[in-house]
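Student: Build the full structure now, drawing on both the sequences and the hints.
Going down the list, the sequences are from chains A and B. No gaps in the numbering here: position 114 of the first sequence is 114 in the numbering used here, and each next residue is one more. No gaps in the numbering here: position 239 of the second sequence is 239 in the numbering used here, and each next residue is one more.
Where hints are given, some of them may not hold.
Mimicking DSS-like on lysine-lysine, the simulated pairs with C-alpha atoms at most 30 Å apart in a straight line are [stated by the list, open to error]:
{"hint": "1", "chain 1": "B", "residue 1": "K137", "chain 2": "A", "residue 2": "K88"}
{"hint": "2", "chain 1": "B", "residue 1": "K204", "chain 2": "A", "residue 2": "K298"}
{"hint": "3", "chain 1": "B", "residue 1": "K136", "chain 2": "B", "residue 2": "K204"}
{"hint": "4", "chain 1": "A", "residue 1": "K219", "chain 2": "B", "residue 2": "K137"}
{"hint": "5", "chain 1": "A", "residue 1": "K234", "chain 2": "B", "residue 2": "K78"}
Hint data in this document are derived by calculation from the structure and do not stem from the laboratory.
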Amino acid sequence: MARGIGVLIGLSAAAFCQTPNLEGIWTNATVVPLERPANLKGKEFYTPEEAGENAKKVLGITSWERLGSQADVHYNMSQYGLDLSQVKIASTLRTSMIVGPDGRIPPLTSEAQKRAADRAAANRGHQFDSYENRPLQERCLIYSTEGPPMMPGAYNSNLQIIQSPGYVAILQEMIHSARIIPTDASPHLAANIRQWFGDSRGHWEGDTLVVDTTNFTDKNPFHGSSKDLHLIEKFRRLDAHTMLYEFTADDPSTWARPWTAQMTWTTVEGPLFEFACHEGNLGLPNTLSGARAAERAK
Amino acid sequence: MLRLVPLLLCSLASAQTAHPDLNGIWQAMNTANWDIRGHAAGPGPLAQLGAAFAVPPGLGIVEGGELPYLPEAAAKQKENFAHRLERDPEIKCYMPGVPRATYMPYPFQIVQSQKSILISYEFASAVRTINMETAKKAPIDSWMGWSNGHWEGETLVVDVTGLNDQTWFDRAGNFHSDAVHIVERYTIRSPETMSYEATIDDPKVFSRPWKMSMVLYRDVDPHAQLLEFKCVEFVEELMYGPLRKKSK
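Tutor: This is the structure:
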């Protein structure tokens, strides 16, 4: 009898102690855009055939066409195997990352429009005056896709998850920062401590890791968001090689309603490489000294 | 409090077969980042900062006290020291490399798993993963190097190669080359302390391998967490200010 109870306790402890395992090296590279193209309005999912055709179309053009760049001089991404057509991509039938019939980010509130306009006006005509006028990514302060939410970039869209009791750590290759998320549902930092990545707290709901992030700054808006952005991320492993990553962005001063996006990650062979952005940043000083030289030549 | 009980039971259940638990937030309590050799107190590099940035004294972490520099390297260290304001990679917020990241005056967090161990350092958000599976050769040189780890009894032994020649050991200009090979040993010595040793072998700079050792302390504050110290924005004026457009 006592042994029976012991076994029972042992079994339930084993089941309880079995924290879902999200570990691995992942990629979030995708052919699916954040917002749904206008011609697919109302169509949330492709058929498998349509998804295949879309992938073929997206992968058939160059990185620069994909990014919508007009520049005639640029990196050759395919030289280093960085082009989207050269990397592993998780398959999905989604026509946009944003879920729901609309598939678009809700319109910016008038307050958010004014914030964005003020920011743009302050920089207009001064884009090359100083490092402060350059994009955060060019300054290696933070990569534009680091988030959170964590978005795929133009290249190196790789992440590694490592877990220990009470923590889930997420290392993004771009640009080498780790998020270490406590999973004890502890309270957020005091409101006066603001961070680039905000302050993330997680907890498990069944096999899903739910991460709540607040305490953002107003320095790196996510599609126009303010420092009051409240972000919920959900991570669920669907099988050995597939993760479903979802985020919901809520910021009443920016959007009239919260919006949700979903993306599929797949495992890739490692390792992650060290992306020493700032340490090798010759682009920023070259840009500024080029601007000064151009002024002198006038 | 109640929600901690199952966690405790789970750790007890898994403890019997597991390796020592290095998880947590750790920090050195020494002044080795100023000079890994024993040193008396001294003035800091900038007179304006007075006592706030003066050099605090320290016993040093180098076993035997002296660094076995080759003659040319000894001269270079002195030159580095003389030019430390322009040359010390810490001033530019560059990733600090191994072993310097361990004893900078910032905490670091270990996230320990079976296949990989992550060490996230607060300074410059520097990070490294220790590969605990089959040892692999460093694919390329990097700032934080390439780490292969294994357990020797109670000790985590980490073999570090693939470091570049851009990082220093301290603010005193002590340095290594890209030939440096480091073996680190992390051993729990009590629930809240760990001993750290690193053997440094660099035939381009030193005449023989040498060893540093220190104690690391766990941050036992229940609210302890790493905060962001993304220092790039604090060095931009220093590095790029001279390229700013002059106001007319």
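Student: Could you grab the alpha-carbon distance between B:K137 and A:K88 and see if it respects the 30 Å cut-off?
Tutor: This hinted pair holds, its Cα atoms lying about 24 Å apart.
Student: Can you confirm whether the C-alpha distance between B:K136 and B:K204 stays at or below 30 Å?
Tutor: holds (24 Å)
Student: Does B:K78 sit within 30 Å of A:K234, going by the straight-line distance between their CA atoms?
Tutor: Given that 30 Å is the threshold and the Cα spacing comes to 53 Å, the pair is violated.
Student: Please work out if B:K204 and A:K298 have their alpha carbons no farther apart than 30 Å.
Tutor: Cα-Cα ~50 Å, so violated.
Student: Would you mind confirming whether the straight-line C-alpha gap from A:K219 to B:K137 stays at or under 30 Å?
Tutor: violated (40 Å)
This entry does not satisfy hints 2, 4 and 5, going by the numbered hints stated previously.
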